[in-house]
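For reference, the chains in residue letters:
Number of protein chains: 2
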Amino acid sequence: MSDRRPIVVLLTADGVEPPADLDAMARIAEIRTATDGTLADALPGADVLLVWDIFSDALSRAWHAADALRWVHVAAAGVDAILFDGLRSSSVRVTNARGVFDEPIAEYVLACILAHDKLLHETEEFRREERWVHRETRRVAGRRALVVGTGGIGRATARLLRRVGLQVRGAGRRPREDDPDFGVVVDSADLAAHLTDVDHLVMVAPLTETTRGMLGAGQLATLPDGAHVVNVGRGALVDQSALTAEIAAGRLSAHLDVLDTEPLPADDPLWTLPGAHISPHMSGDVIGWRGTLSDQFLGMLTDYAAGRDPGPAVDKQRGYVPGR
Amino acid sequence: MSDRRPIVVLLTADGVEPPADLDAMARIAEIRTATDGTLADALPGADVLLVWDIFSDALSRAWHAADALRWVHVAAAGVDAILFDGLRSSSVRVTNARGVFDEPIAEYVLACILAHDKLLHETEEFRREERWVHRETRRVAGRRALVVGTGGIGRATARLLRRVGLQVRGAGRRPREDDPDFGVVVDSADLAAHLTDVDHLVMVAPLTETTRGMLGAGQLATLPDGAHVVNVGRGALVDQSALTAEIAAGRLSAHLDVLDTEPLPADDPLWTLPGAHISPHMSGDVIGWRGTLSDQFLGMLTDYAAGRDPGPAVDKQRGYVPGR
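As given, the protein sequences belong to chains L and U, one line each in that order.
Anchor point for the first sequence: position 204 equals 203 in numbering that gives the first Met the number 0, and the numbering is continuous, going up by one each time.
Anchor point for the second sequence: position 125 equals 124 in numbering that gives the first Met the number 0, and the numbering is continuous, going up by one each time.
I should point out that these hints are in silico values taken from the structure, not numbers from a laboratory.
From a predicted model like this one, the values you see are computed outputs, not experimental measurements.
Glycine included, every Cβ here is placed at the ideal spot set by N, Cα and C.
Do not take every clue at face value.
Short, incomplete list of chain U residues facing chain L, as computed with Cβ under 8 Å [claimed, not checked]:
| # | residue |
| --- | --- |
| 1 | 62 |
| 2 | 103 |
| 3 | 122 |
Quick list of simulated restraints, FRET-style, between CB atoms [said to hold, decoys possible]:
| # | chain 1 | residue 1 | chain 2 | residue 2 | range |
| --- | --- | --- | --- | --- | --- |
| 4 | L | 13 | U | 186 | 50 to 56 Å |
| 5 | U | 316 | L | 247 | 45 to 51 Å |
| 6 | L | 84 | U | 249 | 27 to 33 Å |
| 7 | L | 83 | U | 143 | 32 to 38 Å |
| 8 | L | 85 | U | 158 | 19 to 25 Å |
| 9 | L | 127 | U | 60 | 35 to 41 Å |
| 10 | U | 19 | L | 317 | 51 to 57 Å |
| 11 | U | 287 | L | 265 | 38 to 44 Å |
| 12 | L | 298 | U | 130 | 32 to 38 Å |
Given these sequences and hints, build the entire structure.
This is the structure:
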């Protein structure tokens, strides 16, 4: 690390609130603000890229201008939008907003599971029709959940669901039977073999070439009648048209916080199908989340500027930060 | 206890499924089935009344015919509908469906709290309008809940909410600071003094002359803006018109599983007010609940017929089974 202050490019977009700690960052580094269209102009000489507009993939197009880049931080849990071959094969370090979303998303998943088992959405539909229709609900204790994805969010989800009494297993790359959070982790490469006794299937894996489409028509068909899918990972983990068909048939229902195309297009049947509960990619975004993301980067930048390690790096081949 | 088999009157109603264990009960006792209109004819000589139609108050009108009655079992948690002065001053023992609803209702309360903090109902409204509107939700960990009622259901609720990370206090007749489930229990006779810092107010007290209207306009006014009321106890615990006014003003919101009049009348504003989420008295009714109630009474009847204590009695002056 040289004595000069690092140069940080803040990649943002119109209408996105800037980091709350921008002034503090500017005391440590020279800050250049860019958007998709100006990124190539801002990158020459820059050491660090802060991807604050987390849906941007502009770096792949401005990559030729990244002549001094050493570190890219993505202010999100998933880094799928930013990765491309040039970045993967470079020595540029990639970090993510590790930990920030773990507990908020775990709570959101629990909310979806309870809403399903206690029939809250159906009760609201009856209320809208001004109909008083008593029905029996389910105990949530004892229900069987499979959490696909064993990173920080999956682990926080497993711990919370277990505290409420659900039976929880995980699905990941490395099967095992003694995981501290999941107990049993089944092989996510052989998902269909582990879905026949699942009541609540929680998708929270990172999107990589391995996980893309991992919940396809064949896997969905092995879920029991009445099973409930919660997707808080990425839309492309799931074959959305196959899931739509299962929901339309009344066999499955789902809470989908992420979708193939966001916002969901106007003519998509998921807007109106009974049993489909879509939400606009907000499961982890609790009040103050942008401040937390800003604080996290400020801390990492402080470490970087002092020559210390800014935090765990994404394995760019795998597409996520590997566990211990 | 004499050698003759006890006579049990089953008080039911048209359309109510009979107890699953009726045949087993008939091996222990003579069973007479009655409805509101025939109760007076069935009671003479009967030892036991099983109130299976839990909304019935027919016993007060047929009381003159209860010439041998020793025990009334109500297949519900709350016994308010059955109690009247003649029964209170008699030596007839009253029991309730103690424990059956504790965990199911605790789960339902948690579902309501999470639906509120994660904006699930609002998200469904946007979905119905096919609008993609990102919003920030709340962390539920750290939120402040006050559970009014320290019986079995209140205790199960407190334990579950604490496991999910809420800060929980109780409100009951006997204030204390070392309760195993609540930690602090504040004085329910002075409720208004303890509502200023409550995010989620859970009403689960039994309905008695002391608790009727305990959450009145004055108490409601002390709740902070944005507070959320969950009523799974009895409608009459709350001044329903005062609560309706607070919801109409947008200051409070509520999940109400119980109401002054059930079913809720057709013209009631609670059907349509944003922020009012009514449900048809179903919070504890999980799949199999009637079987559990039947099994519970069969076990108690078996004890009774053998001369053993059938289980903890309701304090008929107070209107509930007192804690230890």
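- Violations among the numbered hints: 1, 5, 6, 7, 8
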